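**Q** Keeping the supplied structure of chain A fixed, place chain B upon it in accordance with the hints.
Number of protein chains: 2
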Amino acid sequence: MKLNERGLLVVISGPSGVGKGTVRRALFQMPNHDLVYSVSMTTRPPRNNEVDGVDYFFVDKQTFLNRIRENKFLEWAEFVGHYYGTPRDKVDEQLDRGKEVVLEIEVEGALQVRKQMKDAVFVFLVPPGKKALYERLKNRGTEHLSTIEKRMKKAEGEFMLAHKYDYIVVNDEVNNAADRIMAIIRAEHAKTERTIHNYLKMIGE
Amino acid sequence: MKLNERGLLVVISGPSGVGKGTVRRALFQMPNHDLVYSVSMTTRPPRNNEVDGVDYFFVDKQTFLNRIRENKFLEWAEFVGHYYGTPRDKVDEQLDRGKEVVLEIEVEGALQVRKQMKDAVFVFLVPPGKKALYERLKNRGTEHLSTIEKRMKKAEGEFMLAHKYDYIVVNDEVNNAADRIMAIIRAEHAKTERTIHNYLKMIGE
Numbered sequence: 040m041k042l043n044e045r046g047l048l049v050v051i052s053g054p055s056g057v058g059k060g061t062v063r064r065a066l067f068q069m070p071n072h073d074l075v076y077s078v079s080m081t082t083r084p085p086r087n088n089e090v091d092g093v094d095y096f097f098v099d100k101q102t103f104l105n106r107i108r109e110n111k112f113l114e115w116a117e118f119v120g121h122y123y124g125t126p127r128d129k130v131d132e133q134l135d136r137g138k139e140v141v142l143e144i145e146v147e148g149a150l151q152v153r154k155q156m157k158d159a160v161f162v163f164l165v166p167p168g169k170k171a172l173y174e175r176l177k178n179r180g181t182e183h184l185s186t187i188e189k190r191m192k193k194a195e196g197e198f199m200l201a202h203k204y205d206y207i208v209v210n211d212e213v214n215n216a217a218d219r220i221m222a223i224i225r226a227e228h229a230k231t232e233r234t235i236h237n238y239l240k241m242i243g244e
Numbered sequence: 040m041k042l043n044e045r046g047l048l049v050v051i052s053g054p055s056g057v058g059k060g061t062v063r064r065a066l067f068q069m070p071n072h073d074l075v076y077s078v079s080m081t082t083r084p085p086r087n088n089e090v091d092g093v094d095y096f097f098v099d100k101q102t103f104l105n106r107i108r109e110n111k112f113l114e115w116a117e118f119v120g121h122y123y124g125t126p127r128d129k130v131d132e133q134l135d136r137g138k139e140v141v142l143e144i145e146v147e148g149a150l151q152v153r154k155q156m157k158d159a160v161f162v163f164l165v166p167p168g169k170k171a172l173y174e175r176l177k178n179r180g181t182e183h184l185s186t187i188e189k190r191m192k193k194a195e196g197e198f199m200l201a202h203k204y205d206y207i208v209v210n211d212e213v214n215n216a217a218d219r220i221m222a223i224i225r226a227e228h229a230k231t232e233r234t235i236h237n238y239l240k241m242i243g244e
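So the protein sequences, as listed, match chains A and B.
Numbers 40 to 244, taken from my numbering, label the letters of the first sequence in order.
Numbers 40 to 244, taken from my numbering, label the letters of the second sequence in order.
Possibly wrong hints are sitting among the right ones.
Identical chains share a label here; the pair holds if one copy fits it or two copies do between them.
List time: in silico SDA-like cross-link candidates among lysine to any residue, alpha-carbon distance up to 20 Å [as the list claims (entries may be wrong)]: (1) Lys138 - His72; (2) Lys157 - Glu232; (3) Lys111 - Pro70; (4) Lys230 - Arg153.
To be clear, the hints were calculated from the coordinates, so they are not data collected in a lab.
Note that the structure is a prediction, hence the values are computed from the model and not measured.
Just chain A, with the same shape it has in the complex (with noise of 0.2 Å):
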């Protein structure tokens, strides 16, 4: 019996190459959940297989910033040259459905979405050590050496706003991470200031 009715927000996020991606990807893939995720919308061009409107809503920068002057973004960051976005009404309306939405974004956007969403799910992503992190871009084999750098030393910054999320998960094993993930959800549902309301009323009938 779930006690809590409503779904999660869960913020992944961590620094750019620690393999959020393939996190989150696992995550989907175990049996039993309710996960979805809302497309996030990007103006970087897409890289080799990804498809428009399941990975990224690929769109020109014109068009982005008319979104954030119109404030339908939950959260939006520029990264790299490139601005990335959450749509804020596809979030609200699957969480009015019961489902938990996965948002999977950079440490910029996540903590933007800190100030608005004050019983969303923060989970820090980290790498096993920061040799690790250097050796995942590296072998991701889709960036030059000087955009490596800049992420190195992003990441960098990034490393020290662990403090600001409510878990921190290491990627040392994708579905050890998706695992602790999943654990991380349901713990949460449980938790006595999201299930109280309903419990109160079990009891009562």
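**A** Frame of chain A; chain B shown alone:
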């Protein structure tokens, strides 16, 4: 990778008859855990199949009262004419070894532990309704009807103490409840306040 090395003290409590013992046993039957429990001490007579030193340490009243005076209990309570208590030294030893110590105790005892162990995890196990609790007590068949009525009256007061716990878990089905408690334990290990120290050490290296 486990950033938090110290074990957790997990207090499973709830109204008498809710099935704490059954859920605890299901929890210990799950794979890949580091759970231990410190055997409680009691002055109540053993039920069928209960073994001294395994289910409880069965002692006489005088022995128990001496131990209270010597402050050798993490908590103790008097319940329906009998004493129950948790030996403090056993718990500390196991936590230091990285074991999760599961305490399955009455509400009165749990709130004593709350005052002493600030970083313990408190789970309130509840029946799916008052009627379900009454049925469970009756079906147990080990108590006189007057004892059942006494327990139900005590439960009425205990139901209102849910807000003093970190989590509320419904025991609608034993394995569901055990699964959820296991998720809580995994999630609690990832909490930022428990992991940040070792995380900063890891990132600094």
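**Q** Which of the numbered hints above does this structure break?
**A** Checked against the structure, the only hint that fails is number 3, while the rest are satisfied.
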